[in-house]
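Student: Same order as they appear, the protein sequences are chains A and B.
In this text, residue positions in the first sequence follow the numbering used here: the first is 6, and each later residue adds one.
In this text, residue positions in the second sequence follow the numbering used here: the first is 4, and each later residue adds one.
Bear in mind the hints are in silico, worked out from the structure with no lab data behind them.
Watch out, some of these pointers could steer you wrong.
Now the stretches of chain A that chain B is said to cover, found in silico as 3 or more residues with beta-carbon under 8 Å [as the list claims (entries may be wrong)]:
| # | segment |
| --- | --- |
| 1 | 284-295 |
| 2 | 342-350 |
| 3 | 423-430 |
From a predicted model like this one, the values you see are computed outputs, not experimental measurements.
C-beta atoms are modelled at their ideal positions from N, C-alpha and C, and glycine is treated no differently.
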Amino acid sequence: MRLELGKIYIKDVQFASETRVENGTLFINREELLKEIGEDERLKHIDVEIAKPGEEVRIIPVKDVIEPRVKVEGNGGIFPGFISKVDTVGSGRTHVLKGTAVVTTGRIVGFQEGIIDMAGEGAKYTPFSKTNNIVIICEPVDDLPQHEHEEAVRIAGYKAAAYLGKAGKDISPDEVKVYETLPLLEQVKQYPELPRVIYVYMLQSQGLLHDTYVYGVDAKKIIPTFIYPTEVFDGAIVSGNCVSACDKNPTYVHMNNPIIEDLYERHGKDINFLGCVITNENVYLADKERSSNYTAKLVEFLGADAVIISEEGFGNPDADLVMNCNRIEEKGIKTVLLTDEYAGRDGASQSLADSTPRGDAVITAGNANQIVILPPMKKVIGHPNAADIIAGGFAGSLMADGSIEAEIQVITGATSEVGFGYLTTKTF
Amino acid sequence: MRIVHYINQFFGQIGGEEKAHIPPQIREGIVGPGMAFKQALRGEAEIVATIICGDSYFAENEAKAKAEILNMVKKYYPDIFIAGPAFNAGRYGIACGTIAKAVKDELGIPVVTGMYVENPGVEMFRRDIYIISTKNSAAGMRDAVLKMAAMALKLAKGERIGSPADEGYVERGIRVNYFAGERGSKRAVDMLIKKIKGEAFLTEFKMPEFDRVIPNPPVQDITKAKIALVTSGGIVPKGNPDRIEASSASKYGEYDIEGVFDLTGETFETAHGGYDPVYANMDADRVLPVDVLRDLEMEGRIGSLHRYYYATVGNGTSVANAKRFGAEIAKKLLLDGVNAVILTST
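The shape of chain B in the complex, shown without the other chains (with noise of 0.2 Å):
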């Protein structure tokens, strides 16, 4: 059986960020973690070409890169496609998912490929392709190439896939019937005999959350209060001194503005990958309202802008990374004494 495998210009060994921005490219055999597929795979399956490309290449021209890339996987006529494992890295993962849904859908050809649960490649592809579930760096590549190695001799073959725990990949949302040892009236009265004793129990379908937030009561008078600003649209100090990922934020910045009463195209510029950055690199305040809110400071509309802004990237970001900001930067607030916050998005 024949494979093509997908990696990106750090597995490629061509470079790290730097050469980030290489269009795609085809050698023949394996490269890079290939080795390790071609122990894994026991000679049932062959790579026979590897696709290498380049990080920020395949994100900033994406449809052009596909396109690119599905020309050189038809050329090899595969039985399977594997993709990564991308461990957490964002933009690798977004990759991996995206070029793998695209030769499933356009080739028809099964494909595989292996993330870190937390990369925002699996919530965006997990229910359309099968992602194993992989440690968060490059030193859980055993374990994953094993895991995705089993999977591609099983698509390939055309074998019925197990259940996410069976095989190690990242639940695609898939509801599958069987039939339990016990009927339902006994599995509920267990269930519940557990919930009351405090015990640990497992629901058999879990409600989707809706996280709906609860507003606070108005600000009682806001010509007193402190008001902070807060964004996940990317705003920065011109240069972007914290190096905030365009894509699939692992951090958030937190910005002095004493003193500043305008953003403008030579102080602030945006981080984010997400939208076209040319109207809020002209006026940063079109996503941060810094200048209005100065205004309306001046005329005592509110009590005082606080000193800290703090801003981070949305797009792409995971809830649980984006969960753990809002409760860094809330705290922050708290001890600041910051009477309300603006939230913008982009």
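Extracted from the complex, chain A is given alone in its bound form (with noise of 0.2 Å):
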């Protein structure tokens, strides 16, 4: 499979009567943009701003961040299973509009969405204060149920990243990637000297607000299985996650799997990179036996000499990430762990619900239970009220003059567990 990655780097965002790219701008039709996603009867009021970077500019709270792609040449579309039909994505040509994210924001669902500060101390937490934003501000319909209401923002940040990416077909491209993997068979032929490696990517299915999908089934009903790592750049994993700010991975960070990135840049050189596993999270223990034997049995079957496992969310999840760890270990296939701590506000406690000394190889994402003090920002895109009640915040975090006291939980993004970002932790 693959795929061309063509970047058209956005260097500014602007409303104008034609939604259209030119020069290194986005320009938008807000009315058209609008009407585009504002077909959901469950959301009695849409609207969309514009934050740039370095703007005194909060967005709070934040449910998804999405990028703007549009598929070129090849089979199906962006964000199969929801916006597109359910064709296997991931070959031919897609355009990124590199620069613009996607924002929901709105009425909060649950207690676990993000803030995002395009400027002051809470902007370097964050990898979205870099990007040019588009924020759907989406409020609900009164009584409108927690799992319709997730289900109608969601979609409706996806319907305004497609129509947006749409802006990019035509457009010639700054940069193209190339990246490519063949059928096991042939792609194990073509490196046949260097070392199998596997991604296990562990996604969020914890349920009610932490749920992740796969061309559009609920990851918590899948069996662990195989996908290639061009289809997750086409929006084959959505997010539909609302835990903890900090260590979701937006359906963005999907798109632009970090570590899937890192493993194709070396690939052909140290490794031979065979693909992705992806695993759940789910909550029963019989759910976690089944998902880790089974990853283990698949990666082992597919002939990984070593994987990188990747961890969503904390606490719960760290037994999933063990038992993966562990079941991998055993099979004599050498893991590299990625989680991140919730260390206490002090840092002095333990980091991790569940260990393994098999887990000899860890990256840290850092420890989000951080206390961070965000700045009163000029202006609010959202609900400022919510930092109280946001995982990571706690009553009292809102103060008077606007100014955010609360761990860095609650920055979107500022934990991410496929190593978006560049925070860590060590020992002192």
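Starting from the two chains in their separate frames, assemble the complex, guided by the hints.
Tutor: Right, dumping it as structure tokens:
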């Protein structure tokens, strides 16, 4: 499966009479965009705003972040199972409006949504302070059940990203990157002398606002399976997940999965990257056992010498991470784990809920309990009072002057467990 | 800035083990290692008083000693409290840790001490206080004092304390965030490639080790088995011939029980300083059940009781020492054809 990813670098975003890309600027016809995403009767009001890097703007509560992409050549379309039919994606050519992101906000659905600050201390912790954000503000009709509310906002975000992505369809990209993974037996033969690597991609699936979808299927209901890395670049995996903002994988991060990108960087040089095994993080022990057994079996069957395992979320999924590590290492396959930590505000507590001596190679994305003070912003898009109730905030987080004292857990993408960020931790 | 310095009877130039029982006393100005501190502090701070206390006195009268010393410290209004360095002296290290923690918690005064990494005081107090990592003997005094003095000045001035590697203190187990030079995914791929190649790599998070020992399969026929006794409860022949320490044991003993059918108050005692010894000293079989095993041996319910037993003191003993003892004892037992071991603690 071969995918050309054409990156169109966008330096500015403005509202205009026609949606188009010109000289690195994305112009958006606001009314057309609103019409495109405004058909859901579960949402009583939708608005759109632009937030640019360096502006004193806060977006709260953030639900998801999505990258505008469009399929130019090849099978299927972006976000199969939601926006496009369920054709297999991941081959041909896809264009990306690099430097832009759709951010969804509006009345809070659960307790686990996030904050994006475009300037100040908080901006350091989120990757989305560096993107030109098209913020979709969705307010639900009264008494809408939470699951319906979550779904309506989620799909509005995909629609907006797909709509904007189309503006890049006929634009000549600034950069084209080619990614290719062959069918297994051919891929093994291509670099027979190199160690074979699989990426074990854990998807949050604890249920009730903690879900991930694969080609439209709720990942709770999957048996661990193989996916070509390039399928992920076309939005085959999307987030319906409102687990703590710091370590959920927004749809944007799935589409730009940095582990896949960095494994491809060494593909054919130091390793033979065979592809991804996706698995879930269900809450029942029987599910954890089935999924970790199945993952280890599949990784062995595919002939891996080594794997990277990334977790999503914390606490209960720490058990899935440890079980995956143990079962894969037991088969003589080497592992590197990616997680984050909950070591308490003082950093002195036990960081994970489970442990294994086999986990001797761990990358940490930081202690999510670290306290941060986010200064007041000139403009707030959304609902600032969510600061007191989102995970990582507490009663009194939102102060009278508009500043927020909370754990970095509240910041979208602060401790990304696919290693999208630079934050890490050391022992003092 | 004012400093109060705590040292033991040895560094206080009062005497060795024979003076370890002395209660705390205070001297104006510097004593012993205080001279080295004076130079290292370069006039920025001054040791106004030195407290000297016997190690045994502190160990045996902890609550009392603590109260007495806290009262002495209070009178001098120090900006910082320095204890030791204690190097590898176990009781001294524990005393330094105990009193430094008390000064920090109860008087709100910053504290620093220094110890060798295997001193039991390190494991007991590294989470609570800054312990400068020292050599295992007073030969490392100069280096220890330089680092402790630098740390003391920083703490007294309220300056930011750097990483353990920068400042020379023992890791306190506190996780601190920072931004790395490469993103997490790149670091993961780099680590994976090193692991595949068998090259050295440094994990960013050490999984806590739960030292679970998987039991061996049951002994097939216990009536034929040679069984040995091993204890960390400190049971030794009366008089403690090997001088096993009451705490922070640096050794274990091997003792012949050929022909011994019962441990009595006249023949055996405990060396352990961590529990009430009265009942063990009355009848050491309570900790090391020789009498019962002799019965079983005579009834033919076990093969035999091994001729030697092994004993150490678990009290404050470092994991590193305990592991070494275990490995050596196991080797000897295997050579002697022992089939099973009963391990007793306290």
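Student: Now, for every hint given, state plainly whether the structure supports it.
Tutor: Hint by hint, here is what the structure shows:
no.	hint	verdict
1	284-295	violated (count 0)
2	342-350	holds (count 4)
3	423-430	holds (count 8)
Hint violations for this structure: number 1 only, all remaining hints satisfied.
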